[in-house]
Amino acid sequence: MCNWLQELNPQQRAAAEFGEGPLLVIAGAGSGKTKTLAARVSSLVARGCDPGRIMLLTFTRRAAREMVYRAQTTSDDPEIPRVWGGTFHSVGARLLRTYADTLGLNPEFTILDSTDAADLMDMVRREIGLTGFQGKRAPMKKTLLGIYSKILNTGLSLTQTLTRFYPDIPVEGDQLRGLFRRFAEYKQQRNVLDYDDLLLLWSKLLDHQPLQEHLDQLFVHVLVDEYQDTNHLQAEILRKMRINCHNITVVGDDAQSIYGFRGADIHNILDFPKQFPQTTILKLEINYRSQQPILDLANRIIGCADQQYTKVLRTTRKGDNRPLFVHAMDDQAEAQYVARSVLIRREEGIPLTRQAVLFRSAFQSAQLEVILAKYNIPFRKFGGLRFLESAHIKDILAILRIAENPKDPIAWMRILLLIPGIGPTSAARLLDQFNALGANPACLEQLQPPPKAKATFQQFTQLMAAITNPNPPPPHEQLEKAYRFYAPLMEAKYENARTRARDLEELGAIAQSAANRRQFLTDLALEPVSTGAFNPHTPPTEDEVLTLSTIHSAKGCEWDVVYLLHAAEGMIPSSMSMHDQDQLAEERRLLYVAITRARDSLSICFPAQYQSSPFRSGHRLNQRTSFLDRAAMALMDTVSAGDLLDGETAPVDAPTHLNPRIGKNAMQSMIDMWEDES
DNA sequence: ATAGCAGAGGTTTTT
DNA sequence: CCTCTGCTAT
Ligand SMILES: Nc1ncnc2c1ncn2[C@@H]1O[C@H](COP(=O)(O)OP(=O)(O)OP(=O)(O)O)[C@@H](O)[C@H]1O
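Using our numbering, you'd call the opening residue of the first sequence number 1 and step up by one each time.
Hints are computed from structural coordinates only; laboratory data are not their basis.
Predicted model only: the values in this text are computed from it and were never measured.
Yeah, the Cβ is synthetic: ideal placement off N, Cα and C, and Gly gets one too.
Some hints here could point you the wrong way.
Unchecked claim - So the derived label-pair ranges between C-beta atoms look like this:
1. Y186 / D101: 50 to 58 angstroms
2. K204 / C557: 28 to 36 angstroms
3. A465 / E17: 56 to 64 angstroms
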């Protein structure tokens, strides 16, 4: 802890050693906010504060883990309770399990991820017979859930939300009210919570005065990282957590607010001093991350935005590497360039681990992924489609979820519809009967499935008996049993059953480290693994990997070398966000975040046209993103991707030697590929 | 009542 | 692309 403090500059140390009362640390990218917050936790513990009475709220659970780890390195003593660290959602889940009784909530609740919640919303929509009008179809389930979520997270009324964010929705406000009401009711009856419930119920918990007082005095310090990306509901929770005790530290950068689509409100951080009148404001002025030319570009980008706390980033780091603007013929050339350049950098001694490729939307890395696979460059992708969202993963998890919470309607529907011979009608009937029997797994045998489904249903009944007994096997064994039931169904249902089976193996590996089934399911829901976390040519054990990430998922991270793909109008800013001023401003901040991830080298790539266009029409000329104006261009060196690509066509030293297993996998895949089709 | 097929429509970012 | 809806044959 002492070395921690020594590494800090005077402003950072002032924040770390700050005593009691509200503290706002507002500072630009790379100024050591996160480092300072970790040091503060460490310092509080050193000053005798019980770690178990510190709450540290971060944006991802990974960030919380790292910070707690860094802050507590001095106390290896397992006797010392751990800091309450995590996202608002995960801490909420933990509090709700602990204090469920107060709310009359069953602590065995299961958590719906957003696709489950959308499915439930759709179920309820059908049930109440809500369809579209004006010749239009009813809004999609995700849109409906989006509206619901927006209302709760922003604290706006339904009408305000509709006019402000969904002016074209083909349903009436009153119809939505009925839908949402039934949706909420349904969740309660079935003992399931969605993401919003984790926050909303935490807030409700604090409306109960004795509990409010209890939590208020239990937590001696509450600290929040990335405060600029919290929403109204989260601010409300903090307010209620800190009515008597005003020890609250929030840290953030208004220029990096990029979660507006989720209700994040910049006013939380801007108005923090108003909410806590005694607030001490500390600013961190020095950037320790990037070379100055990178910051010059960042300053130019953000200088064009109207921001409240103006910060000009300046660094103490030496080096004058100007950012590159890489002009590529098309997206293919762009991907080639990046792959090639990554290898060259690696030859120069920068391991893949210290390099990253960033992009606005997950699909934008598709071509690059193909090329990386060809060049045998191991990578892991963050962001985009979730591992858990693929059908086969949801299917098999549904089995464990039913065991955990036999009332879970979404899990039940999935499984029932999976069984050949059971369609929507019998599924609904069976579910009703089962609930009438008290949703007791022991009563499964009393149900009457359609004759054609009898055999499979029988197997399912036996499976449930095996995993719901009072002494259930560990999660990975439950998963294995579930797999034995599921495998034949999966093979019948999907062409590519083999790839999917491999995913299920990965899931099994994750389950190995889970203490019990509830923990396993909760962790998966609260920290969704992205699909890109596993890819066929990068074994999970490989430790030198290139990072591919959406800008959103790159928040708070840094790499020596950073590439940004697709700096074209319509990509960043995304064409979805170009017509609304607020959204456009957020896209600009997104670019700012991307740029400020780079320590030594930044390359912004621009493909002049799309060969394989993500937007139907074949060849289309692109425009450079409007965020890079002439002044910004003047801060970069423009190069042509072709300069690197001309000459040899073979990759520079394709590093198969990185991991011999990559080669072996390729060999095996040549055999396996024949098994999918007959 | 289910399953299989054809056609249409929507397509960002995450806990 | 891939998901959802509506139609038809069993
Ligand atoms: N006083 C310091 N001396 C040396 N290095 C520092 C100091 N403070 C921070 N750093 C380094 O600067 C880098 C950025 O720090 P950190 O990630 O905490 O910044 P941040 O403000 O949280 O950034 P962002 O807003 O982009 O998330 C890290 O590599 C960190 O180790």
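Right, here's what the structure says about each hint:
no.: 1; hint: Y186 / D101: 50 to 58 angstroms; result: 22 angstroms, violated
no.: 2; hint: K204 / C557: 28 to 36 angstroms; result: 34 angstroms, holds
no.: 3; hint: A465 / E17: 56 to 64 angstroms; result: 58 angstroms, holds
Figure legend: structure checked against the earlier numbered hints; the only hint not met is number 1.
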